[in-house]
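Protein chains in written order, with our numbering: chain A, 3 to 264; chain B, 79 to 427; chain C, 34 to 312.
To be clear, the hints were calculated from the coordinates, so they are not data collected in a lab.
Check each hint, because a few of them may be wrong.
[To be verified] Mimicking DSS-like on lysine-lysine, the simulated pairs with C-alpha atoms at most 27 Å apart in a straight line are:
| id | chain 1 | residue 1 | chain 2 | residue 2 |
| --- | --- | --- | --- | --- |
| 1 | C | K266 | A | K212 |
| 2 | A | K255 | A | K131 |
| 3 | C | K266 | A | K228 |
| 4 | A | K187 | A | K97 |
| 5 | B | K246 | B | K398 |
| 6 | A | K97 | B | K95 |
| 7 | A | K212 | A | K228 |
| 8 | A | K131 | A | K187 |
| 9 | B | K305 | B | K332 |
[What the hints assert, rightly or not] The calculated label-pair distances, taken between Cβ atoms and stated as ranges, are:
| id | chain 1 | residue 1 | chain 2 | residue 2 | range |
| --- | --- | --- | --- | --- | --- |
| 10 | C | R37 | B | Q201 | 42 to 48 Å |
| 11 | C | R37 | B | G94 | 15 to 21 Å |
| 12 | C | R37 | B | D272 | 45 to 51 Å |
| 13 | C | R86 | A | N230 | 56 to 62 Å |
| 14 | C | G95 | A | A245 | 54 to 60 Å |
| 15 | A | M99 | C | N99 | 34 to 40 Å |
| 16 | C | S211 | B | D347 | 42 to 48 Å |
| 17 | A | M99 | B | G380 | 56 to 62 Å |
Since this is a predicted model, take the numbers as computed values, not measurements.
All C-beta atoms, glycine included, are put in the ideal place defined by N, C-alpha and C.
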Amino acid sequence: MIMGRTVLNLYCLLVYAFLLAPIFVVVGASFNAGEFLTFPPQGLSFRWYVTFFHNEVFLRAIVTSLWIASVATVFSVVIGTMAAIYYVHFAGRRKEMIRVAALSPLLLPEILTAIALLFFLYDIGIGTKTMFGLLVGHVLLTLPFVFMNVSASLEGYDTDWSMAARSLGARPFTRFRRIVLPLIKPGLIGGALFSFVISFDVFTISLLLKSIGTATLPIQLFDYLKTNYTPEAAAVSTLSIVATVSVVVIVEKVVGLKVHKF
Amino acid sequence: MTEVRLNRLTKIYAGGKPAVDSISLTIPTGQFVSLLGPSGCGKTTTLKMLAGFEEVTRGEIAFDGQDMVRVPAEDRDIGMVFQNYALFPHMTVFQNLAFGLEMRRIGKAEIARRVGETLEMVQLSHLADRYPAQLSGGQQQRVAIGRALVIEPRILLLDEPLANLDAKLREEMRVFIRDLQKRVGITTIYVTHDQAEAMTMSDLVVVMFDGRIAQAGAPAEIYERPKSATVAGFVGQVNLIEAALDPASPGAAKTPFGPVPVQVPPVGDSVTLALRPEAIDIAPAGAGPGTAATVESLQYSGAIVDYVLRFADGSRASVKTIPRHRFETGQEVSLSVDPARFWQLGREY
Amino acid sequence: MRQRYAFLLLLPAGILLTVFLAIPYVSVFLSAFRVPGEGTPYGDGYTLGNFARIFTDWFYIGQALNTMLIGAVTTLATLIIGLPVAFQLARPELRLRGLFYGIVLSPLLVGIVIRSYGWTILLGNNGVINRTLRGWGWIDGPMPLMYNTLGIVIALTHVFLPFMILPIMSAVQGIDPSVASAARSLGARRLSVIRRILLPLAMPGIQSGCILVFVLALSSYVTPALIGGLRVKTTAVTVVDAMIDTFQWPFGAALALTLSVLGGASVLLFARATRMKWK
Ligand SMILES: Nc1ncnc2c1ncn2[C@@H]1O[C@H](COP(=O)(O)OP(=O)(O)OP(=O)(O)O)[C@@H](O)[C@H]1O
Ligand SMILES: [Mg+2]
């Protein structure tokens, strides 16, 4: 039995190493002093970070990505939370149907969704001239994550709390602000973070729906990697990792992923 | 203080039979009323309609003659205690109590004063800064009561508030709640399916079956003069005796204990008599006049002994007594009853 | 809130999913039958030609089958690798659980391009793995790890592992611990408890993990494009090429639709085969 535990733990450690390996390698390679992307790096330097900070294309891509991820997250959180509230408290027998519908963007192949949206936008005359299609695509893909997180925390919400608040004289808006919101905060923030991170990473939809000048960071990086093999890409990647991790950590610290221990 | 009147109050959930079926009831100011009945009889539904959480299908609810049916829950000024307390887990005890006062836009200082007073009343002043999860079941219970009372509501509603407590705590809380209610003098409606709870705490017990009121009355009345066998059975053990009218002596029915005077019904030749098990005196056989019977089985539970006795004609009766004399299974005994302890049941409702 | 206004909550999501998902899916189905255009995305009229082109060319059929194979093997690999980890992470008393959980989530934080890029550094002929093995003298020439199906599967396994671990973990966490104790009290040994009790109860999680990974792997573009390069292409890569490089929208739609129908049918078969009677 002790043996079994040890074997399991060792196995898991190997898997964790497997999970971290490529990330580790990218970060390591970004400090390369040489011309070429190698790991372990040939000497340490920040030269590729300096190169990056002079590369307007990447800087603009990062700004685009941050902007889209933020806007998409706001929309997803509002829409997804409303749907989750309905799903948990009012759906009745249609519960399963609503769940499948809300998760469908995740269950349908992204590439087909991207093509479908492309055709549709083209047909209705919007096309990819504006960022509209791109944003819609991102909201679609992030919606399931908000929905899953928020509905999970709503399932733990006891409707008696709302009734108690009502009997104490709280009106709907006050109930939502003082009781519901604080109690589903972990799910809400988790959903928002997930949404942000996923949107930051959406590829196929961004590739097919991007308009001129709205390439997101993954697209720009991918484009670059097709033709270049310098450590600049590693530097960009490392910064992007730092950026997403900081967003997550800052949100965790400022808003708090956990409500009071109860 | 508030008088509560229900008039033909009815609730029908979508596509079902009535969960609450035309109940009418007047609760005088300051009284403690229990709604007592088996699971699913509509107690919670009645309470929810009173509180405004459930729409009324038909009928009236009035507080002091003022129609309440269309008043939203948040304006009814009701204190409600939930079965699982429904304390706000993200607020301290103090904040839980303050919430209702904040909704009434009461000043900070006044809130602190009133919450302080109420905490003292429910004996929780020392735990004001704890979160609900850090409290025991009984303490949570008292927070819930405090939270409901601190807003000085017109009426207090409690839905099986003691169901989640252990036996000893439950008894303590019974006394606690009843004392508190007397001190505050608030009209209180208390839902329970525990007859002992209803009996010990209430001014008025309302027994419900199937969405209807089977009987409403003082605890002693419900226990000693239940209107039907169902009510009698629900509020305690009872011996039902189907007694034939005695053609020889008019106005009396034949029972194993001898003739008992009854009101002769307009039709039929028998009546149903009820007799509480503790109304039967049990003595060793031959110790005096009485009806002979045999001990068929017995159950000893400390302060009392429950016997099942069999008469010569094969019928049975339960007897409850203090274990002063112990009788063994198979032993012959002699039973006697004061005829006044019989009562005659009307027809089932 | 009043019941009768509650549907308003569902309205925004409903509109979004109907207008921008359901209707486009109907239109993409039609578009796959459109006539290719000259200088425009598509021309007037409808044709079966796009599908005829796919089903008469072994190149596309073979590629689709290979893509399905990649999806299936990736699913199996993530399951084998992820299952023990999911069980370990589900134990609340595990030390450093937060850290391990973070590691499992970390690939999601890092982005698919970067992760695939990391694998090119690891798997390339001059990559970390090949150079290390050569350094140890285990191999003479470089092992072919990139630009082939194996490389794609390795990278995809890494990319989608979290999507296998997370659903299984939450299913395992939902299992009442006393069930396992009860089985042990009935004399079941550790392995039987896992095989007879825990695995069946974790089945809903395993099922959703498998479906999720399979669908994601089938339609993934970045990883096969970067690892497979020009030599091994999956159907998704060919679809994107058709859409973007050669501007053959109807053909791209037809190809994507074919892949999705094949994938959808496999998922349905899988769901049927693993159906749980007690659910
Ligand atoms: N929301 C609802 N929709 C439909 N039927 C309901 C609903 N709530 C309760 N009922 C039905 O109404 C009847 C009365 O329920 P109620 O909850 O009032 O019973 P109760 O007396 O409180 O029972 P318990 O002692 O078990 O709490 C039951 O038959 C129940 O199934
Ligand atoms: Mg109830």
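* So which of those numbered hints doesn't the model satisfy? -> The structure conflicts with hints 2, 8, 12, 13, 14 and 16, although it agrees with all the remaining ones.
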